[in-house]
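Number of protein chains: 2
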Amino acid sequence: MRNIVTFYVTYLMCLFLGITCVVLVSHWNYSYRGGFAWDGSNKHFNWHPVLMVTGMVVLYGNAAIVYRVPLTWGQNKLPWKLLHAGLLLLSLIMSVTGLCAVFDYHNTNHINNLYSLHSWIGICTAALFTAQWVIGFTAFLLPWTPMGVRSLVKPGHVWMGAIILVLSIVSCISGINEKLFFALKANTNGTLPYSMLPPEAVLANSLGVIIVAFGLVVLKILSNQVWQRPEPAEDEEVYRPLAYDGS
Amino acid sequence: MRNIVTFYVTYLMCLFLGITCVVLVSHWNYSYRGGFAWDGSNKHFNWHPVLMVTGMVVLYGNAAIVYRVPLTWGQNKLPWKLLHAGLLLLSLIMSVTGLCAVFDYHNTNHINNLYSLHSWIGICTAALFTAQWVIGFTAFLLPWTPMGVRSLVKPGHVWMGAIILVLSIVSCISGINEKLFFALKANTNGTLPYSMLPPEAVLANSLGVIIVAFGLVVLKILSNQVWQRPEPAEDEEVYRPLAYDGS
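These protein sequences, in sequence, are chains A and B. Under the numbering used here, the first residue of the first sequence carries the number 1, and numbering increases by one thereafter. Under the numbering used here, the first residue of the second sequence carries the number 1001, and numbering increases by one thereafter.
I should point out that these hints are in silico values taken from the structure, not numbers from a laboratory. Cβ atoms here follow ideal geometry from the backbone N, Cα and C, with glycine treated the same way. Heads up, a few of these hints could be off.
Claimed, not checked - Only pairs whose alpha carbons sit at most 25 Å apart, straight line, appear in this in silico DSS-like list of lysine-lysine: (1) K220(A) x K1185(B); (2) K1185(B) x K1077(B); (3) K1154(B) x K220(A).
Said to hold, decoys possible - Here are some, though not all, of the chain B residues that point toward chain A, as calculated from beta-carbon distances under 10 Å: (4) I1019; (5) Y1030; (6) S1031; (7) V1096; (8) T1097; (9) L1099; (10) C1100; (11) Y1115; (12) A1127; (13) E1178; (14) T1191; (15) A1204; (16) L1207; (17) G1208; (18) V1209; (19) S1223.
As the list claims (entries may be wrong) - Now the in silico label distances, taken between C-beta atoms and shown as ranges: (20) N3(A) x I1123(B): 32 to 38 Å; (21) P1079(B) x L78(A): 18 to 24 Å; (22) K154(A) x N1107(B): 50 to 56 Å; (23) S1223(B) x N3(A): 18 to 24 Å; (24) V5(A) x N1107(B): 47 to 53 Å; (25) N1076(B) x N113(A): 33 to 39 Å; (26) P1070(B) x G156(A): 18 to 24 Å; (27) N113(A) x G1190(B): 22 to 28 Å; (28) P1079(B) x W144(A): 36 to 42 Å; (29) W38(A) x P1230(B): 56 to 62 Å; (30) V202(A) x R1229(B): 41 to 47 Å; (31) I93(A) x A1127(B): 37 to 43 Å; (32) L71(A) x I1111(B): 39 to 45 Å.
This is chain A alone, in the form it adopts within the complex (with noise of 0.2 Å):
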């Protein structure tokens, strides 16, 4: 029982981390970067730092915790792992249109693509993310993968699920970072450089910060084995194809 309650004050804080993530990338680009469009311009390039806040750290990491809900573990798998697929797909769908907003961006303005660090990782973890979503699909989801499979598999995608998010955090920093420092140089349309530490650095590092927070608490959900979906054993487990998977 004080286990389920930590999950849940856990889970809370989870759910409140990313909210707050979301909340503070919209704001930092809407209210400080200028906004939103799709034309080349640089609100073109705001979409970039939003949807891969929001797609592949904030939603990604909360679908990666949708087995550890205790409330689900007395029911049928399969609409949750229908929500797990749905809502990495949905993760999957942002950041690629988050990497199209960039790449965009950049062809419009003749700048180079993938040459910072920061862009080498974070095409890395989408690539990586991509595999995952695809080997997840075919060994979780279709209905002839057999069982031996399945468990063959599962280690190394629950431990690949988690580094993804750890890359993805890892991308979101080094890409705020050099953010600022194009954005906030000084004597340009009168902003305080990044170094003087102006409002909009202290928004954007303090989002940094809570991603960071948000990643940790989200990958301490996962190694706790306590919170694991019990599974039945495995002499217990059949056999089910998609349609009448009831395990």
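Mind docking chain B on chain A? Use the hints.
Then chain B, alone, in the frame of chain A:
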């Protein structure tokens, strides 16, 4: 047996990646950034990346996995505890010296301290590392700490150890990215800008990728339960002060 072979292959990979990180960060700062000095110049700053990558990532990561080496399992734990604590103390001293390098450089050149997101995450990581070392020393090496306290502290110590490595990597990647944007500007001493990916950029980006790979291998070793040092069952465990610790 197969597990032990897999461990040593992974361990060798970890050593190889760690050594590569130290070689690359030293080569970058020696050959491209002008080398080392302690005189307030750019050469003074160059100690910062070298000491942080060597101390807070490579030495730290290797110290974290000392207990995972099967060779040590049949032996008295105390020498390995002292090696773990000693390597981490050396890592902490190198990290603090690396921080002194950047603070001294900033102060000499009238540059503000602790304004970037990189510095916020980095200083929090160093503070957590210091707290972790002091708590670890108090809980596991002071002879008068009761076994009950050790058992209570251990899971948190192991988890926080992994998290500090993740935060160190976040700090390193954002720092290398930031340094390359500072250092590689068009028309400065004839250097190509970062966006043209001159050899220095490829070298330092590769360093970043290898730091991430090193971190993932260490996290893999830490997370594999088969590779954990077998501990005596709780009822066999006896309170032993430091000098007689045979556990």
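Hint check results:
1. K220(A) x K1185(B): Status violated; Cα separation ~41 Å.
2. K1185(B) x K1077(B): Distance ~52 Å between K1185(B) and K1077(B) Cα, so the pair is violated.
3. K1154(B) x K220(A): Judged against 25 Å, a Cα distance of about 15 Å means the pair holds.
4. I1019: Status violated, d = 21 Å.
5. Y1030: violated (20 Å)
6. S1031: violated (18 Å)
7. V1096: violated (22 Å)
8. T1097: T1097(B) check fails; min Cβ-Cβ to chain A is 23 Å, beyond 10 Å.
9. L1099: This interface hint is violated because 18 Å lies over the 10 Å limit.
10. C1100: For C1100(B), the interface hint is violated, since the closest Cβ of chain A sits about 20 Å away, which is over 10 Å.
11. Y1115: At about 5 Å, which falls below the 10 Å cut-off, the nearest Cβ of chain A leaves the hint on Y1115(B) intact, so it holds.
12. A1127: Violated - the Cβ of A1127(B) stays beyond 10 Å from chain A, reaching only about 13 Å at its closest.
13. E1178: holds (6 Å)
14. T1191: violated (14 Å)
15. A1204: holds (7 Å)
16. L1207: holds (9 Å)
17. G1208: At 4 Å from the nearest chain A Cβ, G1208(B) passes the 10 Å test, so the hint holds.
18. V1209: With a closest approach of 6 Å, the V1209(B) hint holds.
19. S1223: For S1223(B), the interface hint holds, since the closest Cβ of chain A sits about 6 Å away, which is under 10 Å.
20. N3(A) x I1123(B): 32 to 38 Å: holds (34 Å)
21. P1079(B) x L78(A): 18 to 24 Å: violated (52 Å)
22. K154(A) x N1107(B): 50 to 56 Å: holds (52 Å)
23. S1223(B) x N3(A): 18 to 24 Å: holds (21 Å)
24. V5(A) x N1107(B): 47 to 53 Å: At roughly 49 Å between Cβ atoms, N1107(B) and V5(A) fall inside 47 to 53 Å, so the hint holds.
25. N1076(B) x N113(A): 33 to 39 Å: For N1076(B) and N113(A) the Cβ distance comes to about 56 Å; the hint is violated.
26. P1070(B) x G156(A): 18 to 24 Å: holds (22 Å)
27. N113(A) x G1190(B): 22 to 28 Å: holds (24 Å)
28. P1079(B) x W144(A): 36 to 42 Å: violated (54 Å)
29. W38(A) x P1230(B): 56 to 62 Å: About 58 Å separates the Cβ atoms of W38(A) and P1230(B), which means 56 to 62 Å holds.
30. V202(A) x R1229(B): 41 to 47 Å: holds (45 Å)
31. I93(A) x A1127(B): 37 to 43 Å: Once the Cβ atoms are compared, 38 Å apart, the range 37 to 43 Å for A1127(B) and I93(A) holds.
32. L71(A) x I1111(B): 39 to 45 Å: violated (52 Å)
Checked against the numbered hints listed earlier, the structure breaks hints 1, 2, 4, 5, 6, 7, 8, 9, 10, 12, 14, 21, 25, 28 and 32; every other hint is satisfied.
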